[in-house]
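Given chain A, work out where chain B should sit, using these hints.
Read off the chains here:
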Amino acid sequence: MKPVIEVVDVRKVFGKVEALRGVSLTVREGEIYGLVGPNGAGKTTLLRIIAGLLKPTSGVVRVSGLDPYKDFYRVRELLGYLPEDAGTYDYLTGYEHLLLYAKLYNLGSEAVEYGASLIQLGSRLYETTRGYSKGMKRRLLLSLVLMRRPRVALLDEPTAGLDVHASLSIRRAIRRYVEETGSTVIVSSHNMLEIEYLCDRVGLISRGRIVAEGSVDELLARYGAKNLEEVFEVVASGEAQ
Amino acid sequence: MAKLSRPAVIRALIWKETRELARDRKFLATIIASPILSLLAIALFTTFLLQYQPIYVAVVSLDSGEAASWFTTWLSKLLREAGLAVEEGLSYEHAIRDVRFDLIVVVPEGFSENLTSISRVAYVHIVKRAGAPEERLSRAEESVKWAVSVLSTEVSKARIRRLGELAGVGELDPEAIRNPVQVATPVYIVPTGEPAKPEDILRPFIARLLILSLSFIVTPASTYIVDGIVGERERKTMEMLLSTPAGLVDLVLSKLFTSSLIGLIASASDVAGLVLYFSVLILSLGWWFWGLFDLALIALHAISAFLSILVTVSISLPFIARVKGIKTASNIAGLFSIMALAFFVAGWVVDFYKLPPTIQAPLMVAPFTHSILVIQGYVYRDALVVVRSIVVLIALSVLFLYLSLKTLDREKVLLAT
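Just so you know, the protein sequences line up as chains A and B, in that order. Using my numbering, read the first sequence as starting at 1 and increasing by one per residue. Using my numbering, read the second sequence as starting at 1 and increasing by one per residue.
These aren't lab readings, by the way, just hints derived from the structure by calculation. Hints may contain errors.
Said to hold, decoys possible - Capping the alpha-carbon separation at 20 Å, the derived lysine-lysine pairs in PhoX-like fashion look like this: (1) B:K236 with A:K16; (2) B:K236 with A:K134; (3) A:K55 with B:K406; (4) A:K137 with B:K236.
Stated by the list, open to error - Examples of chain A residues toward chain B, derived with CB under 10 Å: (5) R48; (6) E77; (7) G80; (8) P83; (9) Y105; (10) N106; (11) Y114; (12) L141; (13) L144; (14) V178; (15) E180; (16) Y197.
As the list claims (entries may be wrong) - Label pairs and their calculated CB-CB ranges: (17) B:I338 with A:R28: 56 to 62 Å; (18) B:A22 with A:T181: 31 to 37 Å; (19) A:E233 with B:I338: 52 to 58 Å; (20) B:D409 with A:S215: 35 to 41 Å; (21) A:F14 with B:L44: 54 to 60 Å; (22) A:A221 with B:A22: 30 to 36 Å.
From the three backbone atoms N, C-alpha and C, an ideal C-beta is built for every residue, glycine too.
Next up, chain A with everything else stripped away, as it sits in the complex (with noise of 0.2 Å):
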């Protein structure tokens, strides 16, 4: 499979802050890839940056061979970020949020109703998001990230803050979305069991830095650990000797 995503020696300054610290990675067409990591790890600047919405202080970052930052418009077409802790807009109904996410991708009515299929809510799609649930509301902004199928999903914490039920929900929708459309997903997540569950492949992230990579197999028999858990222990021990 060829590559999609590509991130070589990246780096972030903010002021005196190293938020990056040459981070590398690559993923594949049809892969989803974990980035997991403690706060403050970097997961969040990295995801920032290949959705082209920071400038790395130094290294390349391309996305299907084109540069995310420079040409902003062009990866909109193909791309699509969730980010971390993300907001609805309390006067719009669900509906709505989907219909003008077609508007400005200028999608048609195909799109929102993909959208409302992704999204599962019923008779509540037409009520405004201000009554909705976190986990409703981030059920919606996952929508609005899938509804038009992007070739790469960006998917910054998908399920923090939500309960068991509305976790397992949005897992699956997007496991269900990777399989019907063969795109890319990044997920960077504190929850180990679920990016278990949801990925080919992961990136444990370290102080601005890639410390460790592989599909969870191998990181599980490379580090002789029962779970990740154990993996990020004994790799971020190593790390702080």
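Then chain B, alone, in the frame of chain A:
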């Protein structure tokens, strides 16, 4: 996938903005109701207080003569007709001690004798109570002086006629002896030199009021743009929107469109409030009203309001977009609104159109000077100034907007601190 289109993006954002605005009924209600209710309340409050808090005047006579008695009654009647609360027949001591009386008119002893003499002047004394509102005192004093002058004129004319008869003068106009040289009644003309109608005399006052009312408009529009940009970040909708084909420019243009729409709504409501204000005053004070309103003037007010909002928002935009908190952004927007307010309040009392060039030239740098000149230029029937001011306002808005957008990028907006 369909091709991304910039106009479609802007249309989509405007659709979103207007839909949100239409559903935020409380915000809309405050914009519409605020000027209408405040101006109506001011008018009602003013007339209510005027009705129930009249100026109290005591008319005291220390002369028992027939002329003094007649004058006291006549003066009291005139003052009552002028809307003053008058009491007569009180003793001087009583009137002086009673704090209700803002003004005491004293007809001194010997008044009747002096009034009928041709060698003495009949004085009327006015005693004003310190601490009473000066404006009310002046009104009362003017009314008394007017009544006395009416009496004085009639008495002097009667005396002149009588002297003329005694001297055997045939044809005699007492006015020719009383005031042999006079200024005739002033004639008002409009700036083009034609005689002014009553509404032409009052139009500059209305124009000044419209300039002052611009300050009602700039603030809600600035508040909206603050909420539109900083609020978008606080509600955490900004990042996802910036990751779509909606660029920063599109976002700003859609916010500008909506804030201008708000400005126009506020402007219309402001004009409605002014109409109500005048209606109430005129109904209670009995002035002729409708001739004062000039559709062209109101249209220019709306244009000036729209452009004032556009230019204020354009200037404050780069600062607003760079701060994280809504409070800081509101303070920044408030700073620019206060600058605008300073100009509009000055426009209420200062004729910017007639300022000397040395003063006017540096003021031309400020866009709000042009907002004022759009209206004042119309009052002076100077189409060139009106058009020039509109063009300058548009040019300044575009220039500031261009500079604002040049200094901003997605990263700065996203990472605002």
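Status of the hints after comparison with the structure:
no.: 1; hint: B:K236 with A:K16; result: violated, 26 Å
no.: 2; hint: B:K236 with A:K134; result: holds, 13 Å
no.: 3; hint: A:K55 with B:K406; result: holds, 17 Å
no.: 4; hint: A:K137 with B:K236; result: holds, 12 Å
no.: 5; hint: R48; result: holds, 7 Å
no.: 6; hint: E77; result: holds, 6 Å
no.: 7; hint: G80; result: holds, 8 Å
no.: 8; hint: P83; result: holds, 4 Å
no.: 9; hint: Y105; result: holds, 7 Å
no.: 10; hint: N106; result: holds, 4 Å
no.: 11; hint: Y114; result: violated, 13 Å
no.: 12; hint: L141; result: holds, 7 Å
no.: 13; hint: L144; result: holds, 7 Å
no.: 14; hint: V178; result: violated, 18 Å
no.: 15; hint: E180; result: violated, 16 Å
no.: 16; hint: Y197; result: violated, 25 Å
no.: 17; hint: B:I338 with A:R28: 56 to 62 Å; result: holds, 58 Å
no.: 18; hint: B:A22 with A:T181: 31 to 37 Å; result: holds, 36 Å
no.: 19; hint: A:E233 with B:I338: 52 to 58 Å; result: holds, 57 Å
no.: 20; hint: B:D409 with A:S215: 35 to 41 Å; result: holds, 38 Å
no.: 21; hint: A:F14 with B:L44: 54 to 60 Å; result: holds, 57 Å
no.: 22; hint: A:A221 with B:A22: 30 to 36 Å; result: violated, 59 Å
Violation of the numbered hints given earlier is confined to hints 1, 11, 14, 15, 16 and 22; the remaining hints are satisfied by the structure.
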